[in-house]
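Visitor: Residue numbers (this note's numbering), protein chains in the order written: chain A, 86 to 180; chain B, 206 to 621; chain C, 85 to 1063.
Calculated directly from the structure, the hints in this document are not laboratory data.
Nothing here was measured: the structure is a model prediction, and the numbers come from that model.
There could be a bad hint or two in this list.
[Unchecked claim] Here are the simulated DMTMM-like cross-link-like pairs (lysine to aspartate or glutamate), alpha carbons at most 20 Å apart as the crow flies: (1) C/Lys248 - A/Glu100; (2) B/Lys359 - C/Glu240; (3) C/Lys949 - A/Asp111; (4) A/Lys176 - A/Asp116; (5) C/Lys518 - A/Asp157; (6) B/Lys434 - B/Asp235; (7) C/Lys948 - A/Asp114; (8) C/Lys948 - A/Asp119; (9) C/Lys222 - B/Asp491; (10) B/Lys302 - C/Asp996; (11) C/Lys949 - A/Asp116; (12) B/Lys471 - C/Asp192; (13) B/Lys374 - C/Glu689; (14) C/Lys759 - C/Glu860; (15) B/Lys302 - C/Glu221; (16) C/Lys948 - A/Asp116; (17) C/Lys594 - B/Asp230; (18) C/Lys248 - C/Glu352; (19) C/Lys591 - C/Glu633; (20) C/Lys958 - A/Asp116; (21) C/Lys840 - C/Glu860.
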Amino acid sequence: MIIDHPLLGPRDSSEFVYLGDARMLDRPDPDAPDAARAFYEYGYLRDNPAGPHRELWFHEGGDRSWLVVTRDTVTHEITRVEMARDVARAKGRST
Amino acid sequence: MRYSGFRVIREALRGHTGWGAAWRDPEPKDHYDIIVIGGGGHGLATAHYLAKVHGQHRVAVIEKGWIGGGNVGRNTTIIRSNYLLDGNEPFYELSLKLWEGLEQDLNYNAMVSQRGIINLLHSDAQRDAYIRRGNAMMLNGADAELLDAAAVRKEYPYLNFNDARFPIKGGLAQRRGGTVRHDAVAWGYARGADSRGVDIIQNCAVTGFRIEEGRCIGVETERGFIGAKKVGCAVAGNSGRVMDMAGMRLPIESHVLQAFVSEGLKPVLPGVVTFGAGHFYVSQSDKGGLVFGGDIDGYNSYAQRGNLPTVEDVCEGGMAIMPMIGRARLLRMWGGIMDMSMDGSPIIDRTPVEGLYFNGGWCYGGFKATPASGYCFAHLLATDQPHPVATALRFDRFERGYMIDEKGMGNQPNLH
Amino acid sequence: MSQPNRLSGGLIDRSAELSFSFAGEIYKGHPGDTLASALLANDVRLMGRSFKYHRPRGPLAAGSEEPNAIVELRSGARREPNTRATTAELYDGLVAEPQNCWPSLRLDAMAINDKLSNFLTAGFYYKTFMWPAAFWEKLYEPIIRKAAGLGSLSMEEDPDTYDKGFLHCDLLVTGGGAAGLMAALTAGRAGRSVILADEDFTFGGRLLAERESVGGMAGADWAAQAVAELATLPSVRLMPRTTVIGAFDHGIHGALERVSDHLAVPAEGKPRQILWRIYAEQSLLCAGAIERPIAFENNDRPGIMLAGALRTYANRYAATPARRVAIFTCNDNGHRSAADLHAQGIEIAAVIDTRADAPDSDNYPVHKGAQVIDSRGRLDLKSVRVREADGTEHMIPCGALGVSGGWNPNVHLTCHQRGRPVWDDALSAFVPGKDLPPGMTVAGAARGIFSTHGALASGADGAAEALGIAAADVPTADDAPVSQTPFWYVEGCSRAWLDQQNDVTVKDVKLSHQEGFRSVEHLKRYTTLGMATDQGKTSNIGGLAIMAEIAGKSIPEVGTTIFRPPYTPVAIGAFAGRMRGKEFHPTRLTPSHYWAEERGAVFVEVGNWLRAQWFPLPGEKHWRESVDREVRATRASVGVCDCTTLGKIDVQGVDAAAFLNKLYCNGFAKLAVGKVRYGLMLREDGIAMDDGTAARLAEDHFVVTTTTANAGRVYQHMEFVRQCLFPDMDVQLVSTTEAWAQYAVAGPNARKLLQKVVDPEFDLSNEAFPFMACGEITVCGGLRARLFRISFSGELAYELAVPARYGDAMMRRLMDEGAEFDVVPYGTEALGVMRIEKGHAAGNELNGTTTALELGMGRMVSTKKDSIGTVLSKREGLNEEAGLRLVGVKPLNPADRITAGGHLMNAGGPVDAAHDQGYVTSAAYSPDMGSMIGLAFVKSGDARLGEKMRLVSPVTDLTVDVELASAHFIDPEGGRQRA
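For reference, chain A alone in the conformation it holds in the complex (with noise of 0.2 Å):
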């Protein structure tokens, strides 16, 4: 597979180790007084869709960015890769 980095431009999928859902992005609450509840979905629940699919991937043989990339995961097709601090950022996910 080919992943269009949006720094880098097209690089070879061996380049990037695979994570998984990008919710992973979506770290629950610690304070909040359903916290153990959240973390366990946020942990071990996964849509798991057929179809397009938002997922993280390190580039690690690269520049060591972590991207979110839209992909089907029936076709394999990916239609958008973002930097996945630039998506955090967007959900607010700040210090």
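Please arrange chains B and C on chain A, whose structure you already have, making use of the hints.
Guide: Just chains B and C, lined up with the frame of chain A:
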């Protein structure tokens, strides 16, 4: 119809006109006591044991394509019970015992061949881990044997004892492990179930569950609604898709695992060999092909096909450990969808929906589990109690913190 | 007589003669021959035996679709089993042997199977060999295995090398026939980068095999002219002998180039083959078509082949299997072969055409509406039995029979991404469907365009459309319409072969249907149709057609099995490339590696690193002697250990402390500058991930160490936490593992030794630089260095880091300066002994399933702050009172061995899994304790110190009485490290 050598001879002498269909092709009834979704190895085994062990005869297996078309028809055919953890080992040992009596039970020769499996070890830490595992196996009543390098060399003199990057320092052997003719497992269970009245309904995709007041009362299918008192789901790589119709998210991701076969060769490999410092395992089929595989591609996929980096990774492992296979040709590569669970171990459990039961999360180890999976799922469906060897294989182990993590990789499915 | 079946003309080079041997006989051929064409020219038709019935077989085809003529090519370690004689290029000295026969090809004992075939029908083995159960492995299976298989491996290491390469292009053209050449010309003339790949050693495809003219010249000449032009175009890469094996995701194609297979041995420094990954923006498949046979009784004798192959042998290779030939056809293609062979002076005994309206000929008899219903000849075809339209039957003597059931577009690669071909009624064949791999289009016969002009035009148009350029001018060529009337099998036939290699007959397909194996996949798996080395290229369609007819369905309703890569089989060595032997994985060496080698160190693989395991001295006979000495000397005076392999990560930024506070379960916010702290990192699931130290060199600067094994994964995790979870923290990470050489200097004289190398302005006294201090210093007169006062051994110890390029010099200096203290280098074994003596966890304890609580560090998990893993670490299963706890273990009798991996049972209690109390993680001989000691996870272990237990290790045949102890075997108060 009973199969036997005598019968083969008799039919040969009268033009094979007497053979009937191995299983019927029935129209679905309106209602069953139990519906099993998924006509793969696990679903068919479940139906067989429901009928045989629990006397359940109003059972249907509903399959969207042709039976045996999923992972039971596209794996590397290995059976073993060389597991470490208490949550797993008794289950897989039951499976191995069921394999050992399978052909007589089913009256079908699935070519269960206990040719032995050796997991090679390449470091002291790996030896420590294999000693622990071998002991766990033996304490659970399974067989295990720790080999030093010389003993491995005696059995497999052509492994790379010469210039290996990661020298072979020994291996953990399970002599009762081996291989089985995979397609025949599906067909044998189908025949066994069918002969006890189970309806096997092919080309009938489930399109939804009918759930009323928190209770599952049947399934919607391409051929209409089929009612049931209980519904069991055994669809492996498609678990996410099917259970989504019941509104459930699972601790499972679907990944592609590739496997490979070489052209036919005269006998080379007596048993199964697993490389301990790379991604490669191999056996030789009765037809002569080297059947081999390695790691999953590593990304979520429902495509049943993989990509070159993994092919190369596996072949590199093969050449690293068996440099004499260099001129053997890879004939065919294929991919299956693995239901990779969050701790690498399976789930056989009830669901929050009453009357709906789940069997999945087999990762890439589902084939060897087929008999015990069917046996234990049948037990659960029939009695509403987990089978004693499957008590740990529950959904709530993740929330409660009782993971069964053989590899110690945590909640990242592609590392298991 | 030499080459009795050699004809005139052809594309062989008669000026050179090549000598080769097959089955021990010496023959002559010419450059341009394949092994099969040369054997046919030498009047040899028998080339192999079938898989199951060991039937005598000759070539069916003239290309890579060949099922029958497969041989063991070359000898010794280069032996290649299952090599197609039809594609093996002839070279001088070629040696080939028949396979799957004994004692000889002509007289094969296993041919008895053919006599027993009525008992050995499809799937018979599923129905028998079940009793008694033990006989399967002991008796039946070994017999089956021995009889099965095809060729033999040499069992020697492959002596040749394989390379890998990467290519990029605007357009990949697969297949260099009429369509492919025209496509490459179109793209190349427009200056676009194009790769033209063909599995054959000569470009031209069917143009080489036909007598048609293109652009007013012979087709082969036109092809040669096109190739000559392409060779001059700078943006064109011609790749003959290159098979595109698969169309993978995102335009990546795998291709195998056979660089040296046409030579006796590869030229010096050249690989045997190259596996290319071709990154193609667009690809155009011009893979042509494959002729299909007709099934009739005994249609598999040597001499019976595809009519198009007969033509190829005659026109291209100037060879014929016999001087008297018949043709059996259901379309005009058979007549074309007859005409070409006639023109070459071959006697055409008959053209048997199933069509009542077949065309006439002046040159040979045409039997209209007739069928070949049987054949005769044991090792060679002697005659065929013909049933005329009026039902009369008679024999026609002939040495060869060309069969044509029409052509199938070669759709293989169009289906590699799970697309399915669609049925074309006019052609009665599958053609490429709509769901092709993205970027792929199809031209020529592969698309069902069978006329030569059509192929040329569609190649030009295909390239033009793919690249958005103008099509090149297409030369004149034959453009007659082609229609195909299907004729799959002769009514009433039974032992009529479909899959010739696997011996699948019409009868087997009927039985498969009868027994309910009706889906195309069941048919394949039950009968093994299409599973041989040719993957059913000529046979699948016939099986489908017959199944469709029996089942009362149409062929498209029955469907096809899945086409999988590779297109043709590929040597496993080619996929591995150079990653073999010592080059399987990269080898990482520390800066002092060569110094250690000089000292005679024994090395051990730790991940990709090589580390010194111990340093034997002359006279030391057993590794334990060396290790015990290293431990004793270190604890008595001073030792140095290379710990460069630990992961080192530089953490800088205003939020560096806050970041580490999130990362480690214990607190880091308040760590003072100039101090080091031990840190335990959890995964988000609450399980221990890794441990190490973090040293605060400045307010905004930390240096983090990881274990050797987890360096990569921890770095990845840290970047995840930084970029994905806390994207606005002001913190930067960089891995500096390779940048610094690091040495542990441990033992009572460690300070004295260091004082000799550390520059004098740095005060190393216990007051100025206490336990867990760190600082940036200089050594040896100004060399930048870092010093950490941390101890894995439990002794007064430091870790000294210098830039990697000074690592070797630093180690030598430490040895020189330490001579007065009898300094020893120590390896990973002594390191392991000393850490076990101190109860420090390492990889065996941090095994990915253990918690801080189990490791005895439960109280380290801060309850005052959030860090990765704290929430899920509170789950009940990870906090059981009766859960595992890390303890020490020692044998009651000091002479007894204990072993890592042993399980612990209650003394006097039952020994089984249900009563398992825990397991030993690490064990070593402690010279100080005078016995073996170990670390173990034991249920409620911390409350059971002093308890006697039984250690059992049935797999190593060991049972030992042991006692649980504190894991801190040596200096439990920690006085030494603070001294």
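Visitor: Just to be careful, I want the Cα atoms of C/Lys840 and C/Glu860 compared with a cutoff of 20 Å; is the pair within it?
Guide: Holds. C/Lys840 to C/Glu860 sits at ~17 Å (cutoff 20 Å).
Visitor: With the threshold set at 20 Å, check whether the alpha-carbon distance from C/Lys594 to B/Asp230 stays at or below it.
Guide: holds, 18 Å
Visitor: Hint check: B/Lys434 vs B/Asp235, CA-CA at most 20 Å. Holds or violated?
Guide: With a Cα-Cα distance of about 12 Å, the restraint between B/Lys434 and B/Asp235 holds, given a limit of 20 Å.
Visitor: Are C/Lys948 and A/Asp116 close enough, with their CA atoms no more than 20 Å apart?
Guide: holds, 11 Å
Visitor: Keeping to a limit of 20 Å between CA atoms, is the pair of B/Lys359 and C/Glu240 held or broken?
Guide: holds, 16 Å
Visitor: Assess, step by step, whether the Cα of C/Lys948 is no farther than 20 Å from the Cα of A/Asp114, and give holds or violated.
Guide: Distance of about 15 Å is within 20 Å: holds.
Visitor: Check whether the Cα positions of C/Lys759 and C/Glu860 lie no farther apart than 20 Å.
Guide: Measuring from Cα to Cα gives roughly 11 Å; hence the hint holds.
Visitor: With a cut-off of 20 Å on the C-alpha distance, tell me whether C/Lys958 and A/Asp116 pass.
Guide: holds, 13 Å
Visitor: Mind checking the alpha carbons of B/Lys374 and C/Glu689 for me, to see if they're no more than 20 Å apart?
Guide: holds, 12 Å
Visitor: Is the hinted pair B/Lys302 and C/Glu221 satisfied, with a Cα-Cα distance of at most 20 Å?
Guide: Holds - the C-alpha atoms of C/Glu221 and B/Lys302 are around 16 Å apart, at most 20 Å.
Visitor: For the pair supplied as a hint, C/Lys518 and A/Asp157, confirm whether the alpha-carbon distance does not exceed 20 Å.
Guide: Holds, at roughly 19 Å.
Visitor: Verify the proposed pairing of C/Lys248 with A/Glu100, using a straight-line Cα cut of 20 Å.
Guide: OK: C/Lys248 and A/Glu100 at ~17 Å, within 20 Å.
Hint compliance for this structure: every hint is met.
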